[in-house]
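There are 2 protein chains.
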Amino acid sequence: MGGSILVVGSVAFDSVKTPFGEVDDILGGSATYFSVASSYFAPVRVVAVVGDDFEDRHIAVFRKHQIDIEGLKRAEGRTFRWKGEYGYELNECRTLDTQLNVFAAFNPVIPEAYRTSEYVFLGNIDPDLQLTVLEQIQRPRIVACDTMNFWIQGKPDAVKRTLAHVDILIINDGETRMLANEPNLVRAASKIMDMGPETLIVKRGEYGVLMFNGKSIFGAPAFPLEEVFDPTGAGDSFAGGFMGALAHASDVNERVFRRSIIYGSVMASFNVEQFSLNRLTNLTRSEIDQRFSQFKALTHFEEF
Amino acid sequence: MGGSILVVGSVAFDSVKTPFGEVDDILGGSATYFSVASSYFAPVRVVAVVGDDFEDRHIAVFRKHQIDIEGLKRAEGRTFRWKGEYGYELNECRTLDTQLNVFAAFNPVIPEAYRTSEYVFLGNIDPDLQLTVLEQIQRPRIVACDTMNFWIQGKPDAVKRTLAHVDILIINDGETRMLANEPNLVRAASKIMDMGPETLIVKRGEYGVLMFNGKSIFGAPAFPLEEVFDPTGAGDSFAGGFMGALAHASDVNERVFRRSIIYGSVMASFNVEQFSLNRLTNLTRSEIDQRFSQFKALTHFEEF
Numbered sequence: 007m008g009g010s011i012l013v014v015g016s017v018a019f020d021s022v023k024t025p026f027g028e029v030d031d032i033l034g035g036s037a038t039y040f041s042v043a044s045s046y047f048a049p050v051r052v053v054a055v056v057g058d059d060f061e062d063r064h065i066a067v068f069r070k071h072q073i074d075i076e077g078l079k080r081a082e083g084r085t086f087r088w089k090g091e092y093g094y095e096l097n098e099c100r101t102l103d104t105q106l107n108v109f110a111a112f113n114p115v116i117p118e119a120y121r122t123s124e125y126v127f128l129g130n131i132d133p134d135l136q137l138t139v140l141e142q143i144q145r146p147r148i149v150a151c152d153t154m155n156f157w158i159q160g161k162p163d164a165v166k167r168t169l170a171h172v173d174i175l176i177i178n179d180g181e182t183r184m185l186a187n188e189p190n191l192v193r194a195a196s197k198i199m200d201m202g203p204e205t206l207i208v209k210r211g212e213y214g215v216l217m218f219n220g221k222s223i224f225g226a227p228a229f230p231l232e233e234v235f236d237p238t239g240a241g242d243s244f245a246g247g248f249m250g251a252l253a254h255a256s257d258v259n260e261r262v263f264r265r266s267i268i269y270g271s272v273m274a275s276f277n278v279e280q281f282s283l284n285r286l287t288n289l290t291r292s293e294i295d296q297r298f299s300q301f302k303a304l305t306h307f308e309e310f
Numbered sequence: 007m008g009g010s011i012l013v014v015g016s017v018a019f020d021s022v023k024t025p026f027g028e029v030d031d032i033l034g035g036s037a038t039y040f041s042v043a044s045s046y047f048a049p050v051r052v053v054a055v056v057g058d059d060f061e062d063r064h065i066a067v068f069r070k071h072q073i074d075i076e077g078l079k080r081a082e083g084r085t086f087r088w089k090g091e092y093g094y095e096l097n098e099c100r101t102l103d104t105q106l107n108v109f110a111a112f113n114p115v116i117p118e119a120y121r122t123s124e125y126v127f128l129g130n131i132d133p134d135l136q137l138t139v140l141e142q143i144q145r146p147r148i149v150a151c152d153t154m155n156f157w158i159q160g161k162p163d164a165v166k167r168t169l170a171h172v173d174i175l176i177i178n179d180g181e182t183r184m185l186a187n188e189p190n191l192v193r194a195a196s197k198i199m200d201m202g203p204e205t206l207i208v209k210r211g212e213y214g215v216l217m218f219n220g221k222s223i224f225g226a227p228a229f230p231l232e233e234v235f236d237p238t239g240a241g242d243s244f245a246g247g248f249m250g251a252l253a254h255a256s257d258v259n260e261r262v263f264r265r266s267i268i269y270g271s272v273m274a275s276f277n278v279e280q281f282s283l284n285r286l287t288n289l290t291r292s293e294i295d296q297r298f299s300q301f302k303a304l305t306h307f308e309e310f
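Here the protein sequences come in this chain order: A and B.
If you read the first sequence in our numbering, its first letter stands for residue 7, the second for the next number, and so on.
If you read the second sequence in our numbering, its first letter stands for residue 7, the second for the next number, and so on.
Extracted from the complex, chain A is given alone in its bound form (with noise of 0.2 Å):
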């Protein structure tokens, strides 16, 4: 196993609803996602918060996982709930229903055994809590972040004091958009690249992923399945497995970015054929690695 990864982000109850089914009050949240992702990949430590409605056979997934949760506080309330729908164009969502509850007052403590984490994702949450993330942390070799429209239209000068401290931001081509004030995604991303960031991950549902890495760009088609049932936390286990394989590996270029990309897309791919977390959960090394080389056959072309 490689360098060992921090998660900081939500933990939360879903009630999803999707022309294939509908589901309530299934574990969810950025953090789950991603730590169960990053899990096949390193060791995973996640700070969220919970509520005490947070049952032993939630902890459970984690546990199997070989999650770290010592980080993962528990507080007087009711855990973090989101309701959504999915109609067939499954790259849309409609939030139905948000409940921050306990996740209101999240103030992310690192615990001191985690303050030598070499990668860190700091998820979805406040830019402001982002940075005391950082500040706790003693010297991360890659700083990775997400963001949503909500944060970089109502605080934006928090959102750009965050990114200055970050190496890596992965969020979608919207977001990219608005945080540039710039329509072309290749010019929005040198913008967003001269805030902090050296690479910027942009990512677009089922149309895939653009990596802007300095001068390089990479672009790799999402993964096309038959049955495509919960979107929900995609993204997360694409930043999960993207993260995961870049603290297996053992150097940072770009070489391993662009592999890294190819896991992120892997996690997601599988993320999306069940509901919540139930595919996640269940995967064997030599799937992922069959689903990479897939993705090898979907993309290679010779010159030739």
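Calculated from the structure, these hints are not laboratory results.
Just so you know, not all the hints are guaranteed correct.
Identical copies carry no separate label here, and so any pair may be met within one copy or between two of them.
Calculated pairs, DMTMM-like style, for lysine to aspartate or glutamate (alpha carbon to alpha carbon, straight line, at most 25 Å) [to be verified]:
{"#": "1", "residue 1": "79", "residue 2": "31"}
{"#": "2", "residue 1": "70", "residue 2": "59"}
{"#": "3", "residue 1": "197", "residue 2": "95"}
{"#": "4", "residue 1": "221", "residue 2": "308"}
Let chain A serve as the given structure and place chain B on it in line with the hints.
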């Protein structure tokens, strides 16, 4: 040069407005973009109709690229005119005006010399007319075809009759879902391949292309450009580059198909850099090959 290509489609005058500029009555049309793009790879013949307002300077564009225009019929009246507008989201176009003019009575007659063409591209015209074209061709090696929502909804039976005689269908993702009446793209592709075409190529604009070829799937991103000036004709330039590369190759197989998809993407990427055919008519073969190599750099990753 490889096998000869026949294209049947529209030649038009376009008026286009984008956030970057505006032009009136410039040369356009599916057969125009297709034939110029494919002319870099193989001999091309055009069957289309223009009005008495079609000038020598328009003819000169075809001549410059050694495109055979024996089948470019001149009719009394005005040439087909289209007017459209793009916003910053260049994937979406608003049609402001369509004047079919001489195109309304277009009845493609294939000149004797064209009837042995090995590669045939049926541009987006009435599916009944597409079928009459095929009836005039002796033994084509590959028949590729475009169509659109208007025909899929308005003449579904005629579309299916034509598809039974088509090897490769080249349409966008919305058309794919509509034609198959199936929201999942992989399942939709499978249904469409049951209708006749062995190969389905799904154009996804700025997100690239998916090719379904029997059990194999190939995905390629679009080339990320800093300057996207005018997306008009991108799909036809793609089809032209694809069919051109196919005709240029000595063989028809998955490897050749994939390489041709990249050449199609190369031609589409050049086309959108300037208004009308301005970029497409001023390319060198070495510029084309250089961008092909850039596509390799864009998509390449290694397993170990």
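Going down the list of hints, with the structure as the test:
{"no.": "1", "hint": "79 / 31", "verdict": "within (19 Å within a copy, 66 Å between copies)"}
{"no.": "2", "hint": "70 / 59", "verdict": "within (20 Å within a copy, 74 Å between copies)"}
{"no.": "3", "hint": "197 / 95", "verdict": "between (31 Å within a copy, 19 Å between copies)"}
{"no.": "4", "hint": "221 / 308", "verdict": "both (23 Å within a copy, 19 Å between copies)"}
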